[in-house]
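Here is what each chain is made of, one letter per residue.
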Amino acid sequence: GAVVSQHPSRVICKSGTSVKIECRSLDFQATTMFWYRQFPKQSLMLMATSNEGSKATYEQGVEKDKFLINHASLTLSTLTVTSAHPEDSSFYICSARSDSHNSPLHFGNGTRLTVT
Amino acid sequence: LAKTTQPISMDSYEGQEVNITCSHNNIATNDYITWYQQFPSQGPRFIIQGYKTKVTNEVASLFIPADRKSSTLSLPRVSLSDTAVYYCLVGKEAAGNKLTFGGGTRVLVKP
Numbered sequence: 008g009a010v011v012s013q014h015p016s017r018v019i020c021k022s023g024t025s026v027k028i029e030c031r032s033l034d035f036q037a038t039t040m041f042w043y044r045q046f047p048k049q050s051l052m053l054m055a056t057s058n059e060g061s062k063a064t065y066e067q068g069v070e071k072d073k074f075l076i077n078h079a080s081l082t083l084s085t086l087t088v089t090s091a092h093p094e095d096s097s098f099y100i101c102s103a104r105s106d107s108h109n110s111p112l113h114f115g116n117g118t119r120l121t122v123t
Numbered sequence: 003l004a005k006t007t008q009p010i011s012m013d014s015y016e017g018q019e020v021n022i023t024c025s026h027n028n029i030a031t032n033d034y035i036t037w038y039q040q041f042p043s044q045g046p047r048f049i050i051q052g053y054k055t056k057v058t059n060e061v062a063s064l065f066i067p068a069d070r071k072s073s074t075l076s077l078p079r080v081s082l083s084d085t086a087v088y089y090c091l092v093g094k095e096a097a098g099n100k101l102t103f104g105g106g107t108r109v110l111v112k113p
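Residue numbers (the numbering used here), protein chains in the order written: chain A, 8 to 123; chain B, 3 to 113.
Isolated chain A (complex conformation):
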């Protein structure tokens, strides 16, 4: 089945630094990937839609300059949390769907970001 690999699985960084999270579709091509964040005991909140070769589309309330998304190839999207602060600590999850009809979303295993 389709596999989405997300790296790193957890990261701890100091306030003010930037962190990059990678999302790869291992056995299929994904023109579109999605980035979510999830706080404890809450549902996934869609942050942005990452489009290969073009700018990402951000959901309302998500700062595009803080959460930089790059989708340089059909198998890789990256999310960079810039100038991270403790309130950015969260669980970040990416997902992708192959371009075939009726294909469901496949999710990465998430990245636990802790900003100290």
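Take the hints with a grain of salt, since some may be wrong.
List time: in silico PhoX-like cross-link candidates among lysine-lysine, alpha-carbon distance up to 25 Å [what the hints assert, rightly or not]:
#1 B:112 / B:100
#2 A:73 / B:100
#3 A:48 / B:100
#4 B:94 / B:112
#5 A:71 / B:100
#6 A:48 / B:112
#7 A:27 / A:73
#8 B:100 / A:62
#9 A:71 / A:21
#10 B:5 / A:48
#11 B:94 / B:5
#12 A:71 / A:27
#13 B:94 / A:62
#14 A:27 / B:100
Hints in this document: simulated from the structure, not taken from any laboratory. Source: prediction; values computed, not measured.
Once you've looked at the hints, dock chain B against the given chain A.
Chain B only, in chain A's frame:
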């Protein structure tokens, strides 16, 4: 995007059948219904998807009435490892169409 409503939580016991109903009154003609399972600190995992009537796979069944305004995920003979959050999503099945998560149902399976 069709909004979904699910019970917040459900308790069950090992070996029982668990049925989770999701309401999606505003479902559009081209929308599919997809259910995902999420364990703590993991990404959601696809369980089952359907458009109408009944769909069954090796882990679950999905029942969709004719009006498609609701759907029921059925988990037969649950075990402790089925304790998780279950999400019902409704949306168009095309690569670029985003799906929005509702609150999900927290299922606790007791011994």
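Each hint tested on the structure:
1. B:112 / B:100: Violated, because 35 Å separates the two Cα atoms, which is more than 25 Å.
2. A:73 / B:100: Holds: residue 73 of chain A and residue 100 of chain B sit about 21 Å apart, inside 25 Å.
3. A:48 / B:100: holds (22 Å)
4. B:94 / B:112: violated (36 Å)
5. A:71 / B:100: holds (18 Å)
6. A:48 / B:112: holds (20 Å)
7. A:27 / A:73: holds (12 Å)
8. B:100 / A:62: holds (16 Å)
9. A:71 / A:21: holds (21 Å)
10. B:5 / A:48: Holds, at roughly 20 Å.
11. B:94 / B:5: holds (13 Å)
12. A:71 / A:27: Holds, at roughly 14 Å.
13. B:94 / A:62: holds (22 Å)
14. A:27 / B:100: holds (23 Å)
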